[in-house]
Structure formats: structure tokens, C-alpha cells
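A.B. asks: Please put together the full structure from these sequences, using the hints given.
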Amino acid sequence: MHVLVTGGAGFIGSHLCDALLTDERIRLTVLDNLSLGRRANLAQLVGHERFRFIQSDVLDETRLDELFAETAFDAVFHLAANSDIAQSHNNPAIDFDNTFLTTYRVLDAMRRNGVKQLVFASTSAIYGAATGALHEAYGPLFPVSHYGAGKLASEAFIASFAENYGIQTWIVRFPNVVGERATHGVIFDFLRKIRQDADVLEVLGDGQQHKPYVYVKDLIEAILFVWKKSGDRLNCFNIGVESRTRVADIARILLEESGQSREIRYTGGSRGWVGDVPEFRYDLAKIHALGWQARLTSDEAVRTAIRRILETEATPA
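In the working numbering, the protein residues as written are -10 to 306.
A portion of the hints provided could be inaccurate.
[Claimed, not checked] Capping the alpha-carbon separation at 27 Å, the derived lysine-lysine pairs in DSS-like fashion look like this:
#, residue 1, residue 2
1, 206, 275
2, 275, 105
3, 206, 182
4, 217, 206
5, 105, 182
6, 105, 218
7, 275, 218
8, 218, 206
9, 182, 275
Since the hints were derived computationally from the structure, they do not count as laboratory data.
C.D. replies: Here it is as C-alpha cells:
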């Protein structure tokens, strides 16, 4: 089986590649433009006989067409996207191009080349500021970030391609994901800040933002589990944990684990930035019924991620 992973040099994508190559039946091609991903994330796979890395942009139609024409892919895991929600506030085109248009390019290449399996990395951001336990069938959906809008538009096109061209699809909606190799996010930002300021750790908002955090290895396990176990034409799952962690507690845990002492100073307001969703929780009944549950709680995921980052990586500059 030949699998293509777009965005495979990124935080989540590289962990997915590690897991996919443990299956001896899989040959793996990674496509990444390295705008957010890092070659170092795939260093452990270089030289593997079933692994190939191509540095190119999904939006490069000519190269994408060549790749699909020369390789008979059986499945595509599409992770290439802008993954920094705050970044596109001042430039919405970032998410139109890098979150939505990348998905359309992949879908159209699959259609024209007869590739029949797609696993798509979606997000809790599609739900916007909805309250209560968010079920996969919740609607109507009104995202509050350009990133969420780009992912929701992608889901709509994926559904239509699944119906019209027989592409079997797995849409997996991620919560906040933590772990080693991350290039942004609350833990990454806090580590950068304690390096830059010996006295104060600034926390965006009031620190009461309350969200589920899943450890990256639990997330990868869930993605592969639903891919193998759910066999409908169009499959859609929330992935996450039932527990949640407040941002103020993440700051406290990080200072504990790093052995640092700082005054924690809050910027105020319920949101960390425009487009932030300060609180949400998933209804996870569907994926639990299929037979998967995360190994780590939200607090455990945060603490484990911090420990692993401190053990294996330099503090972000």
C-alpha cells in the first residue's frame, strides 16, 4: 500500500509518519514545503527503504500532478494547512490558500488519478463558539476564525467529492494537540517567554480558557484506529479527551516541570486573541463506541508534553 502524507514534516504529520512506517505493508511518500514543517522531524526516517520525502508545495499544481501521475497512491493523509489560527487574522488569504485551497488541490488530483481513500485533519475550530458537548452532527456551524472556516469549507468539498467520485473519506476533528516537535501553541509560547523574560510569564487572556488537550501520540493512535475500523463512505469523528485544562494551570505546570519561578501576568479578557474559542468540549460517544479512548487525560497530556519537550528539545527562541 502506498500512502501520501501532505504536511508530513510538521508536528503532527511527522508523528503520523513514524506510526505509518511501523506497518511493513506501507510505502510512504511525504510532501511538505517546509514552511511550518522541519526536516529534522523526519531525520529518523531518512534512508528507510519504504520512505520518500519531496519538498514541494501542494499548491504547485504541476508538481502535484506529476507526483500523482508517477505514483499509484492508495491513500492520502492530508495534513498540509496553516495551523496557526492567530496568524491569519491580519491576512485571511493565508487560510483560504493554505487551509482550503490545498484541500481542493488534493481532492482534484485524487479524482483525476483514481485515488479512493482520504484521511483529512480537521479541527474543533469548525464549531466556532458553540456551547455544550459538541457532537459530530452538531449544526449549523459558524466558525469564528479563518482557520475554522477554511477547514469547514474543506469538509464540505470532501463530502461532495466522496459522493460524486466514490472517494472513501475519514474526517478527524482534532482538539488542542500537545507534544514534542510542536512549532506553536500554548506550551511552545510559554517556553519561549520564560527564556526571554526572567521575571514574568505573560498569559494571553484571563487564564480561564478551558479546553481539552490531547497528547500527540494518543491522537495518532486514534487517527489510525478510525481509518482501520470505520468503513463507511464518509466517516467523521471527534478525537479528544473528556477532561479539560485551564490555561492558568498549563502555566503553573510548566513552571513546576521546568523548575522556574515567574510572576504570572494576565493580559485580561476571556479570549487570548481574535478568533480564539475560550472554552469547548467534545461529545466523544461516537469514537468511544468504536472502541478507542485516549490513554492520557488532558492534564496528563500537558504534563507529559512539557516533560518530553524539556528532555528532547531546545527551549524555543
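A.B. asks: Would you mind marking each hint as holding or not holding in the structure?
C.D. replies: Verification of the hints:
Note on residue 206 and residue 275: the hinted pairing holds, with a Cα-Cα distance of about 20 Å set against a maximum of 27 Å. For the hint pairing residue 275 with residue 105, the CA-to-CA distance comes to about 24 Å; that is within 27 Å, so the pair holds. With a CA separation close to 26 Å, the supplied pair residue 206 and residue 182 stays within the 27 Å bound. With a C-alpha separation of about 17 Å, the suggested pair residue 217 and residue 206 falls inside the 27 Å cut-off, and the hint holds.
Note on residue 105 and residue 182: the hinted pairing is violated, with a Cα-Cα distance of about 45 Å set against a maximum of 27 Å. The hinted pair formed by residue 105 and residue 218 meets the criterion: a straight-line CA distance of about 17 Å does not exceed 27 Å. The straight-line distance between the Cα atoms of residue 275 and residue 218 is roughly 12 Å, inside the 27 Å bound, and the hint therefore holds. Restraint check: the Cα-Cα separation between residue 218 and residue 206 comes to about 18 Å, which is no more than 27 Å; the hinted pair holds.
With a C-alpha separation of about 38 Å, the suggested pair residue 182 and residue 275 falls outside the 27 Å cut-off, and the hint is violated.
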